[in-house]
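Protein chains in written order, with my numbering: chain A, 1 to 363; chain B, 1 to 363; chain C, 1 to 363; chain D, 1 to 363.
Since the hints were derived computationally from the structure, they do not count as laboratory data.
Check before you lean on any hint, since a few could be wrong.
Pairs of lysine-lysine, DSSO-like flavour, derived with a Cα cap of 27 Å [claimed, not checked]:
| # | chain 1 | residue 1 | chain 2 | residue 2 |
| --- | --- | --- | --- | --- |
| 1 | A | K211 | B | K266 |
| 2 | C | K83 | C | K50 |
| 3 | D | K50 | C | K258 |
| 4 | A | K50 | A | K83 |
| 5 | C | K141 | C | K83 |
| 6 | B | K141 | A | K266 |
| 7 | D | K50 | D | K141 |
| 8 | C | K266 | D | K211 |
| 9 | D | K50 | D | K83 |
| 10 | B | K83 | B | K141 |
| 11 | A | K50 | A | K141 |
| 12 | C | K211 | D | K266 |
| 13 | B | K258 | A | K258 |
| 14 | B | K50 | B | K83 |
There are 4 protein chains.
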Amino acid sequence: MSAQKRMKGRVPVAVLGATGAVGQTFIRLLQGHPLFEVTEVAASERSAGKRYRDAMNWHEGGVPDAVGDLTVRTCDPGAVGAKIVFSALDASVAGEVEQAFASAGAIVLSNARNHRMDPDVPLVIPEVNADHLAVIDVQRKNRGWEGAIITNANCASTTAAVALAPLHQAFGAREAVITTMQAVSGAGYPGVASLDILGSVIPYIGGEEEKIEREIAKMLGRLHGGHVVHAPLTISAHANRVPVEHGHTACISVRFEKPVTPEEAKEVLLAWRGQEVCWGLPSAPALPLVLRQEPDRPQARRDVYTGLGMSTVVGRVRSDPLMHLRLVALSHNTVRGAAGGSILNAEVLGRMGRLPGVAEGAW
Amino acid sequence: MSAQKRMKGRVPVAVLGATGAVGQTFIRLLQGHPLFEVTEVAASERSAGKRYRDAMNWHEGGVPDAVGDLTVRTCDPGAVGAKIVFSALDASVAGEVEQAFASAGAIVLSNARNHRMDPDVPLVIPEVNADHLAVIDVQRKNRGWEGAIITNANCASTTAAVALAPLHQAFGAREAVITTMQAVSGAGYPGVASLDILGSVIPYIGGEEEKIEREIAKMLGRLHGGHVVHAPLTISAHANRVPVEHGHTACISVRFEKPVTPEEAKEVLLAWRGQEVCWGLPSAPALPLVLRQEPDRPQARRDVYTGLGMSTVVGRVRSDPLMHLRLVALSHNTVRGAAGGSILNAEVLGRMGRLPGVAEGAW
Amino acid sequence: MSAQKRMKGRVPVAVLGATGAVGQTFIRLLQGHPLFEVTEVAASERSAGKRYRDAMNWHEGGVPDAVGDLTVRTCDPGAVGAKIVFSALDASVAGEVEQAFASAGAIVLSNARNHRMDPDVPLVIPEVNADHLAVIDVQRKNRGWEGAIITNANCASTTAAVALAPLHQAFGAREAVITTMQAVSGAGYPGVASLDILGSVIPYIGGEEEKIEREIAKMLGRLHGGHVVHAPLTISAHANRVPVEHGHTACISVRFEKPVTPEEAKEVLLAWRGQEVCWGLPSAPALPLVLRQEPDRPQARRDVYTGLGMSTVVGRVRSDPLMHLRLVALSHNTVRGAAGGSILNAEVLGRMGRLPGVAEGAW
Amino acid sequence: MSAQKRMKGRVPVAVLGATGAVGQTFIRLLQGHPLFEVTEVAASERSAGKRYRDAMNWHEGGVPDAVGDLTVRTCDPGAVGAKIVFSALDASVAGEVEQAFASAGAIVLSNARNHRMDPDVPLVIPEVNADHLAVIDVQRKNRGWEGAIITNANCASTTAAVALAPLHQAFGAREAVITTMQAVSGAGYPGVASLDILGSVIPYIGGEEEKIEREIAKMLGRLHGGHVVHAPLTISAHANRVPVEHGHTACISVRFEKPVTPEEAKEVLLAWRGQEVCWGLPSAPALPLVLRQEPDRPQARRDVYTGLGMSTVVGRVRSDPLMHLRLVALSHNTVRGAAGGSILNAEVLGRMGRLPGVAEGAW
């Protein structure tokens with residue numbers, strides 16, 4: 001696609017793994033984006049060379065026209081020109097491909113788990129820890145590349161991390177039991193077989209509990225000397241799959257440095273706006289965390305699109321007979337917990353002047 | 001129904017609240033029961049006087065023939081002759097009606113919450129605490145009646161209590177976080193609106209968390225001087241409704257007096273057979289607790305009918321980063337957790353010689 | 001609410017039955033409407049006098065601010081000043097209340113079934129038969145009132161009628177078998193019990209089949225001398241409830257005056273834009289009927305929001321071994337099939353100069 | 001397994017394709033069967049050589065002990081000794097493998113579609129057309145083999161065929177529109193992706209409509225000179241997948257030689273017992289067709305296990321504005337519509353003296 005055909009001033013981006021479920025969500029969320037324009041899509045050898053619209057089963061609504069006519073490229077820095085790259089790659093290939101792109105100078109915004117726990121790779125939900133993006137400097141030095149890999153968290157980690165972030169900042173969370181009830185869209189497509197989940201619960205999602213336990217401590221950590229010091233928060237996670245299309249629900253019991261009342265907690269949650277650098281960005285919701293006061297909310301079907309799917313909805317903040325507080329959190333797993341989170345990370349990087357071709361403060 | 005028409009030797013019983021969801025389950029489970037015969041059904045004034053089969057919408061399969069032709073009576077000891085009475089009454093009326101029947105000399109096996117926490121009323125899952133039935137003696141003395149009220153636990157309490165009982169007996173459970181994912185049948189009929197639950201999770205069930213927190217401690221308590229001393233176990237409960245027809249799943253993190261390994265726990269769970277007085281009774285499953293070793297079981301749809309719905313299925317016994325153990329338990333909420341549990345309580349009472357018309361040891 | 005607080009130029013409207021499921025959809029769809037402003041809400045005596053936001057359980061997202069603070073009125077022309085009234089009333093009361101409002105001079109846009117088959121009441125899906133609105137003149141003469149009652153069709157009738165309209169206009173439909181699979185939201189709230197529908201199909205919806213059989217023939221009829229002559233189309237309907245939240249699917253076998261090939265039918269469906277008077281109105285979708293060519297579409301979850309829920313999606317147009325054509329249609333039952341359809345009817349009336357306070361052609 | 005370990009007198013059988021969903025259902029239904037004993041299981045090369053219990057994911061409950069320890073063989077007459085063979089093979093391989101077994105002298109009871117429409121292969125639901133089994137004689141002569149291939153119908157064809165059979169026999173069905181709502185278990189495992197079906201309807205099942213249209217006419221045909229003359233019944237089928245675990249529902253509009261009233265139809269349906277040769281066989285339900293008189297039955301969840309899943313449940317028999325009658329039928333797709341149907345076919349063959357090692361009339 002020639003530059004003339006691009007909307008004036010939009011920054012070209014590529015989507016890697018564009019034919020999968022998360023890839024499609026990237027394409028959908030980037031349609032009409034005011035700052036980014038998808039000019040390249042890449043996927044596996046099997047799809048490369050086809051028109052994007054012919055390369056897959058598109059899951060929701062119709063394929064956006066402009067992108068539908070793109071030719072699918074291979075996931076190779078030689079074949080993809082954009083310097084901003086969203087990665088929806090599967091973990092089986094993401095590790096190496098993302099490194100290759102970063103090494104070739106691209107800013108890689110990754111949804112894959114591979115690099116999340118690397119000490120020199122930022123793991124970011126920007127309202128929670130946009131400041132961690134500074135770790136890129138260490139990464140570039142360590143790895144000797146001009147590009148960067150920035151990761152966003154696992155979808156279930158995201159739900160709980162946003163709910164815990166304001167409380168941790170205010171009161172110092174030390175222990176938490178987090179039980180999730182996760183939507184099937186989190187497993188990609190075809191993902192969960194209907195015979196496994198219709199009218200049932202699967203009390204197991206491979207690797208998920210470990211991610212929740214590790215990633216949250218990293219994201220709630222603080223930046224110190226260019227590195228992230230993980231939060232001293234021990235988590236016991238139970239991950240379950242439930243027959244819900246979109247929206248991960250997390251039940252959380254949490255103990256702090258010292259007792260916290262539900263009223264104190266609610267006050268903090270109501271006041272929280274997240275790190276200022278996110279405010280007003282295109283993908284940032286008005287409220288990153290919406291507190292519901294009804295006894296029976298949040299509910300996946302009713303609340304998952306709060307803030308166009310970018311807000312985390314918290315409810316049932318109450319005292320706990322064992323630890324200090326109990327609460328329930330919900331967020332949209334493929335929007336906030338995957339593609340949307342990555343896009344917001346890119347927007348923040350742009351505002352910080354850390355995206356090629358975007359002047360600091362231009363956004 | 002005349003005595004001649006009764007199967008020889010079966011003991012006549014009545015079902016109160018016979019037209020509701022739990023009442024129907026009683027009728028279904030008692031169909032063809034070798035020891036009990038439903039000779040009377042009672043319900044609200046609205047239904048009284050009608051033929052049973054015409055008094056309600058029957059939910060599963062067909063109304064058993066013999067019972068279908070009974071005339072519905074009022075829930076009044078004057079109108080119901082049986083001395084063994086299963087109560088599926090709603091909590092709004094159960095309190096007084098059950099007292100009236102006990103006062104008139106009946107053994108009342110109740111599913112209602114009203115008397116569960118009364119110190120002189122046994123709250124029993126017989127494999128766990130059949131010995132608590134001795135509390136009846138105190139009850140009779142206290143209340144000056146010949147009958148008795150025996151309660152079974154809330155359905156969600158039952159699931160977790162059976163899973164925790166062997167571990168508590170072996171290792172002394174002290175703290176637990178229990179998060180439930182409960183089937184819609186637990187809410188009766190019409191119960192949960194489909195618009196509330198299709199593709200969603202409702203993170204709230206009124207009063208349920210308190211029941212789980214209190215009832216388990218009572219059931220795991222020990223009998224001392226005719227009274228039950230509650231177990232020193234503090235519980236934090238999260239109760240959720242999920243789009244599952246039958247089967248409550250509970251995710252449990254538990255801390256004991258001292259650390260316990262998953263292997264030690266599994267050994268105890270595999271060996272547990274429950275109190276011997278239950279063994280071989282018609283409604284007692286071969287194994288009250290079935291341990292699954294697969295990583296992703298129990299699953300509601302696949303495992304809920306284990307032991308004809310009377311076994312609790314436990315899986316995912318693993319260590320916990322925060323407390324000592326994590327595990328998942330599942331049981332059938334309207335069978336094990338309601339009507340089936342009551343019937344087994346009655347069978348145990350009969351074997352103990354505590355049912356009118358049944359000689360000790362006859363069963 | 002004073003005139004000053006209204007958005008300049010918007011026409012005030014009232015919603016009757018505003019607290020129910022359809023009423024809430026009206027409020028949601030009218031939020032930010034460019035032409036109409038909800039200035040009054042009315043409901044049963046039970047709710048009257050309360051703030052709207054306190055008078056009910058709001059089902060999706062949050063109550064729009066402006067409306068949430070309105071005081072609920074009674075459904076009485078003396079208590080409601082607006083001359084344009086959307087009726088989401090239950091059929092048990094709609095008949096008389098709507099007459100009272102029309103008699104008091106209001107334009108009543110009704111979702112209730114009561115007056116749909118009255119010969120002097122238009123039953124309108126405007127792309128299909130906006131010209132039928134002329135029947136209002138007969139109605140006013142017959143009934144001696146200044147107002148008018150305009151009805152929209154049953155939600156399932158709507159789905160099939162839009163799919164059949166272009167084909168009937170082109171080829172003359174004579175016989176059809178229509179089998180519906182209808183979403184639970186069509187039954188209102190609490191509506192269908194989850195125990196009835198989870199993992200199941202209910203092959204019965206009271207009165208629905210008769211509505212489908214009658215209403216479609218009326219809507220596909222032609223205007224003659226101020227009256228509607230029903231189409232000579234005999235329908236056999238089967239109405240089913242399925243575990244779907246939103247979106248009614250209809251499988252249709254249809255016979256025409258003479259054989260029609262799938263290619264001829266698709267050409268007609270692709271070209272159809274509906275009556276021109278609807279074009280460009282705020283609630284009119286770009287395409288009232290979207291034809292999908294994939295073998296397995298439309299699908300409720302994927303396609304129900306086509307055209308923001310106002311388009312009917314048709315697919316699987318193929319020949320029929322018995323009749324002439326087979327096809328599948330889907331539309332959103334509470335948007336296109338209820339509140340959204342009513343609002344579009346009002347917009348068309350405004351453009352026609354038939355709404356008080358709106359000049360012909362102003363829109 | 002040695003002969004000594006077999007239950008005395010049971011006939012050894014093999015299951016081909018034993019690791020798939022239908023194969024597992026065969027194993028489950030044959031567990032404890034009084035006449036047959038599974039002594040061999042066979043599957044693809046991938047599974048051959050493994051213990052059966054280790055060769056797959058078992059879907060419901062636990063693997064029966066005796067079968068679980070069998071070594072999986074290849075689907076080759078040289079590797080499988082049993083002369084009675086149940087085939088749960090996929091259509092991609094069933095055609096040739098079944099011929100090889102028949103050629104080697106085995107009686108092959110097949111669930112695959114490959115040979116169903118062969119003129120010399122019986123397609124049998126025994127209550128409907130056990131007499132068609134006589135076609136085996138022609139088959140043996142044509143093909144020069146000692147064995148035989150006997151097929152049962154597609155699961156959706158089965159549901160409608162049983163409902164139509166008594167009516168066709170009494171009144172001569174000529175035209176029918178059949179719209180199915182089919183359970184996900186009909187698609188095998190993993191089968192339908194949960195993201196495709198949760199809260200949705202898929203209005204397409206590849207090849208299914210053609211099967212329904214052809215197979216029913218064959219099964220309702222009559223035997224003439226050793227051949228089956230298809231019934232002169234033209235069918236228009238619409239096949240849909242719905243979020244139901246087990247149970248296919250069919251809505252049927254049907255026209256007969258001359259008008260039939262609902263009362264006449266109900267009388268015939270109530271009286272129908274199916275071909276006498278089936279009566280009393282182990283897998284034959286007391287009633288092959290159960291007529292429900294309630295307005296809203298059959299319902300998949302409530303009625304699918306009628307007759308242990310072997311009865312077809314029919315309801316809503318009513319007149320039709322277009323054709324003569326409308327009705328709804330339901331049957332269990334993996335029991336009656338697959339494995340259970342095959343087993344009953346084998347039982348009937350045994351009673352007829354057409355199974356090797358079983359004397360005519362012994363059963």
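Evaluation of the provided hints:
Annotation: proposed proximity of A:K211 to B:K266 holds, straight-line Cα distance about 25 Å (limit 27 Å). With a C-alpha separation of about 23 Å, the suggested pairing of C:K83 with C:K50 holds against the 27 Å cut-off. Under the criterion of a C-alpha separation no larger than 27 Å, the hint pairing D:K50 with C:K258 is inconsistent with the structure, at around 61 Å. With a C-alpha separation of about 23 Å, the suggested pairing of A:K50 with A:K83 holds against the 27 Å cut-off.
For the proposed pair C:K141 and C:K83, the alpha carbon gap of about 19 Å is at most 27 Å, so the pair holds. For the hint pairing B:K141 with A:K266, the CA-to-CA distance comes to about 49 Å; that exceeds 27 Å, so the pair is violated. A C-alpha spacing of about 38 Å is found between D:K50 and D:K141, which places the hinted pair above 27 Å, so the restraint is violated. Under the criterion of a C-alpha separation no larger than 27 Å, the hint pairing C:K266 with D:K211 is consistent with the structure, at around 25 Å.
With a C-alpha separation of about 23 Å, the suggested pairing of D:K50 with D:K83 holds against the 27 Å cut-off. The straight-line distance between the Cα atoms of B:K83 and B:K141 is roughly 19 Å, inside the 27 Å bound, and the hint therefore holds. In summary, the hint linking A:K50 to A:K141 is not supported, as the alpha carbons are separated by about 38 Å, beyond the 27 Å threshold. At most 27 Å may separate the alpha-carbon atoms for a hinted pair to count; C:K211 and D:K266 meet this at roughly 25 Å.
Distance restraint check for B:K258 and A:K258: the Cα-Cα separation of roughly 24 Å lies within the 27 Å cut-off, and the hinted pair is therefore satisfied. Simply put, B:K50 and B:K83 have alpha-carbon atoms about 23 Å apart, close enough for the 27 Å limit, and the pair holds.
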